[in-house]
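Chain by chain, the residues:
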Amino acid sequence: MSVAYKAVNWNRHKLVYDALLLVGIIFSIGAFYTAGRVVFSGATDETLIMRALAFTAFLLLHIILCVGPLCRMSPRFLPLLYNRRHMGVAVFLVGLVHAVFALLQYSAGGVLNPLVALLARGTDITSIAQFPFEFLGLAAIMILFLMAATSHDFWLANLTPRLWKRLHMLVYVAYALIVAHVAIGFLQDERRPVYLFLLLAGVGVIAGLHVAAGFMQWRRDARSRRDDKSFVDVCPVSEIIPDRARVVFVGEESIAIFRHGVGGKLFSAISSVCAHQGGPLGEGKIIDGCATCPWHGYQYRPEDAQSPPPYTERLKTYDVRIEEGIVRVNPKPHAPGTRVEPAQLASLETNV
Amino acid sequence: MEAALWIVRGAAVYAIIGVFFSVWFVTRGIGRVDPATTGSTWGFRAMITPACCALWPLAFFWLLRGRSWKGSES
Ligand code: FES
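Just so you know, the protein sequences line up as chains C and G, in that order.
So the first sequence is numbered by the numbering used here: it starts at 1 and just counts up by one.
So the second sequence is numbered by the numbering used here: it starts at 1001 and just counts up by one.
The set of hints was computed from the structure by calculation and includes no laboratory data.
Heads up, the beta-carbon is just placed ideally off N, CA and C, and yes, glycines get one too.
Do not rely on the hints blindly, as some may be mistaken.
[What the hints assert, rightly or not] Simulated restraints, written as ranges between beta carbons of each label pair:
| hint | chain 1 | residue 1 | chain 2 | residue 2 | range |
| --- | --- | --- | --- | --- | --- |
| 1 | G | G1043 | C | Y33 | 30 to 36 angstroms |
| 2 | G | V1013 | C | L170 | 20 to 26 angstroms |
| 3 | C | R192 | G | A1015 | 39 to 45 angstroms |
[Unchecked claim] Heads up, incomplete: computed chain G residues facing chain C, CB under 7 angstroms, no partners named:
| hint | residue |
| --- | --- |
| 4 | M1001 |
| 5 | A1004 |
| 6 | L1005 |
| 7 | I1007 |
| 8 | V1008 |
| 9 | D1034 |
| 10 | P1035 |
| 11 | A1036 |
| 12 | S1040 |
| 13 | T1041 |
| 14 | G1043 |
| 15 | F1044 |
| 16 | I1048 |
| 17 | P1050 |
| 18 | A1051 |
Make a model of the complete structure from these sequences and hints.
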């Protein structure tokens, strides 16, 4: 029994979210264009649309970068986290249309291929007026493409979660490139300081949220070190979708913390490495009450990591706890097949 | 100017190889890399094609090893 990949894992919530995202994008482009007619009175329609697309992609990127720290600070923002991938793909698509518009507007019309014309344009990195800020945008769009194109679960599974995560951390590089692209591009054209202030405000919000979330995490870690050194924080309970798992790597251990039981109230930690052929068990689902490997469907009971009879496969189990809405696991394994009482969600926490 | 031309040509060749490789990979080779793709939809295969075009040397490497590098069925 294996869980086949789908093109997009849509459900009702994701459809509503995507519809809102689309409406938001259209509204943002329309609002910028309309306001731009007044603010940039000399600009052509093409320039305004190009800037509206850039503004919208940049705004979405800010939202994306705020989601991570906000979720670490409060589980209320978690619905945004579950849908972040679609927003990431939207940033790339809107950014791409902006890039194509810009390329056609500034580099097409000559005898040269527009890309060659862009790359061959005279540059001088010592002067703002001559700085090739388009290259920064081009590099950013290439990173965003790589991230959008690998956002499917297939790539998460085959690049391995660790490498996939590293690849997707490049979003910060893309953000820095875009900030420089916008700052230099604007400085070549615009003299009004208000835009620079807006840009700095955006950077300030992102940096501030990251520092605040990092500080909260540091305090939590310090507390858990004081309380009990043997357990490590995994994530807020609400980050684990019922009947799914969160995988953590601690030292040599790859641990899947499954959320199971009626209403997703139970949490059990078992090895994420399938006994069959080393498949990524933590990327599987709970099916018929058992953690089910996505590769060939081997199943394990979450409480004792044993395959139900007549099968005999066993995996290592781990102690797991829930404290203040945080799932915590002890990375010291029990012998394969050892029963561990699942951590139970108190009723107050079930809706987070 | 000459350098720009060669960069664009190089990228085009890389992308064209990627397109041909990806068509074969998503229709046939992929099952050798990830058995969970057996029976998956055409929508899914279309969805992973752009990254296959970009990362085709990596997918090719997976195929050469006969399985995905994290360890899959042999
Ligand atoms: S079922 Fe085959 S690797 Fe898990």
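Here's how the hints hold up against the structure:
1. Between G1043(G) and Y33(C) the C-beta distance comes to about 33 angstroms, which sits within the given range of 30 to 36 angstroms.
2. One distance hint, 20 to 26 angstroms for the beta-carbon pair V1013(G) and L170(C), holds here, with the actual separation near 25 angstroms.
3. Taking 39 to 45 angstroms as the suggested C-beta distance range, the pair R192(C) and A1015(G) conforms, at roughly 40 angstroms.
4. With a least beta-carbon distance of about 4 angstroms to chain C, the hint placing M1001(G) at the interface is held under the 7 angstroms criterion.
5. With its C-beta approaching chain C no nearer than about 4 angstroms, A1004(G) sits inside the 7 angstroms limit, and its interface hint holds.
6. A cut of 7 angstroms between beta carbons decides the hint on L1005(G): the least distance to chain C is about 5 angstroms, and the hint holds.
7. Annotation: interface hint on I1007(G) holds; nearest CB of chain C at approximately 6 angstroms, less than 7 angstroms.
8. For V1008(G), the interface hint holds, since its Cβ comes within 7 angstroms of a Cβ in chain C; the closest pair sits about 5 angstroms apart.
9. For D1034(G), the interface hint holds, since its Cβ comes within 7 angstroms of a Cβ in chain C; the closest pair sits about 6 angstroms apart.
10. Checking P1035(G) against chain C: minimum C-beta separation of about 6 angstroms stays under 7 angstroms; hint holds.
11. The beta carbon of A1036(G) comes within 5 angstroms of a beta carbon in chain C, closer than 7 angstroms, and the hint placing it at the interface holds.
12. Taking 7 angstroms as the C-beta cut-off, the interface hint given for S1040(G) holds, the closest approach to chain C being about 5 angstroms.
13. The interface hint given for T1041(G) is met, as the beta carbon of that residue sits about 6 angstroms from the closest beta carbon of chain C, less than 7 angstroms.
14. For G1043(G), the interface hint holds, the least distance from its beta-carbon to any beta-carbon of chain C being 3 angstroms, beneath 7 angstroms.
15. Because the smallest distance between the Cβ of F1044(G) and any Cβ of chain C comes to about 5 angstroms, under 7 angstroms, the interface hint for this residue holds.
16. The closest approach between the C-beta of I1048(G) and any C-beta of chain C is roughly 5 angstroms, which is under the 7 angstroms cut-off, so the hint is satisfied.
17. The interface hint given for P1050(G) holds, since its Cβ lies 4 angstroms from the closest Cβ of chain C, which is under the 7 angstroms cut-off.
18. A cut of 7 angstroms between beta carbons decides the hint on A1051(G): the least distance to chain C is about 4 angstroms, and the hint holds.
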